Amino acid sequence: FVAAFTFEGAALLLGGPPRIAAGSILDIETLPSCVAAALADRLVEASSFGHRVQIVESLFRSLGTDGLPRFADAPVLALASAIVLDRRRGSVTGIARAAGLSERTLYNRLEREIGCGPKRLLRLARLHRLLRTLHPSPLGGRPSLDPLLEFADEAHRHREFVALTGAKPRAFVSSKAASGDRLFHSVAADW
Numbered sequence: 046f047v048a049a050f051t052f053e054g055a056a057l058l059l060g061g062p063p064r065i066a067a068g069s070i071l072d073i074e075t076l077p078s079c080v081a082a083a084l085a086d087r088l089v090e091a092s093s094f095g096h097r098v099q100i101v102e103s104l105f106r107s108l109g110t111d112g113l114p115r116f117a118d119a120p121v122l123a124l125a126s127a128i129v130l131d132r133r134r135g136s137v138t139g140i141a142r143a144a145g146l147s148e149r150t151l152y153n154r155l156e157r158e159i160g161c162g163p164k165r166l167l168r169l170a171r172l173h174r175l176l177r178t179l180h181p182s183p184l185g186g187r188p189s190l191d192p193l194l195e196f197a198d199e200a201h202r203h204r205e206f207v208a209l210t211g212a213k214p215r216a217f218v219s220s221k222a223a224s225g226d227r228l229f230h231s232v233a234a235d236w
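Residue numbers (our numbering): 46 to 236.
By construction, these hints were calculated from the structure, which means they are not laboratory data.
Just to be clear, a hint being listed does not mean it is correct.
[To be verified] Result set (SDA-like, lysine to any residue): computed pairs, CA atoms no more than 20 Å apart in a straight line:
1) K164 to V207
2) K164 to S147
3) K164 to P192
4) K213 to A223
5) K164 to E148
6) K164 to R215
7) K164 to A143
8) K164 to S103
9) K213 to P183
10) K213 to D226
11) K164 to A197
12) K164 to R202
13) K164 to A141
14) K213 to P192
15) K213 to L228
16) K213 to D198
17) K213 to H203
18) K164 to V129
Since the structure is predicted, the reported quantities are computational estimates derived from the model, not experimental observations.
Start from the sequences and build out the full structure, keeping to the hints where you can.
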């Protein structure tokens with residue numbers, strides 16, 4: 046069972062900035078003991094995948110964002126989540142200006158909190174939209190705008206996909222269709 050978190054959710058669970066887990070897959074035992082204990086047994090006993098989803102969503106929603114670590118930069122975490130979830134788009138300059146920050150300040154605050162700057166975050170958000178577009182049946186549906194228009198050409202899209210996932214687009218689509226896996230975040234890089 047896999048759960049993908051917003052940046053606020055990751056900070057809440059990790060007790061620190063999400064950058065400490067960047068590029069990692071965390072096992073349930075690495076979560077705070079109160080969360081791990083409440084979750085592990087209930088997930089094992091759940092009768093279906095849908096029931097597991099309800100358990101996880103209920104537990105994490107009950108934690109709320111009031112418990113964000115006091116050192117967390119909540120506005121920057123919210124901005125990063127908005128970018129990845131397609132609620133905030135545009136150039137780095139435009140995003141910084143809308144947030145009332147200079148580009149340098151935006152870069153420094155994002156780097157400190159999530160472990161990457163705004164250009165990389167926008168690149169990952171574009172990949173996120175592309176995965177949802179290519180997936181035969183993505184959980185959560187397709188993006189509202191066609192991400193294929195965000196690439197100069199087919200070769201650019203292919204290079205970017207391989208560079209960020211380690212997989213080829215066609216192999217990703219075939220694997221998802223064959224397995225029925227609706228998660229678009231899970232990409233096996235050994236194809």
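Against the structure, the hints come out as follows:
1. K164 to V207: holds (18 Å)
2. K164 to S147: At roughly 14 Å apart (the allowed maximum being 20 Å), S147 and K164 satisfy the hint.
3. K164 to P192: Distance ~16 Å between K164 and P192 Cα, so the pair holds.
4. K213 to A223: holds (16 Å)
5. K164 to E148: Within the cut-off at roughly 10 Å; holds.
6. K164 to R215: Distance of about 26 Å is beyond 20 Å: violated.
7. K164 to A143: holds (16 Å)
8. K164 to S103: Distance ~33 Å between K164 and S103 Cα, so the pair is violated.
9. K213 to P183: holds (18 Å)
10. K213 to D226: holds (17 Å)
11. K164 to A197: With Cα atoms ~17 Å apart, K164 and A197 stay inside 20 Å; holds.
12. K164 to R202: At roughly 17 Å apart (the allowed maximum being 20 Å), R202 and K164 satisfy the hint.
13. K164 to A141: holds (11 Å)
14. K213 to P192: It holds: about 17 Å lies between the C-alpha atoms, which stays within 20 Å.
15. K213 to L228: holds (17 Å)
16. K213 to D198: holds (16 Å)
17. K213 to H203: holds (7 Å)
18. K164 to V129: Given that 20 Å is the threshold and the Cα spacing comes to 12 Å, the pair holds.
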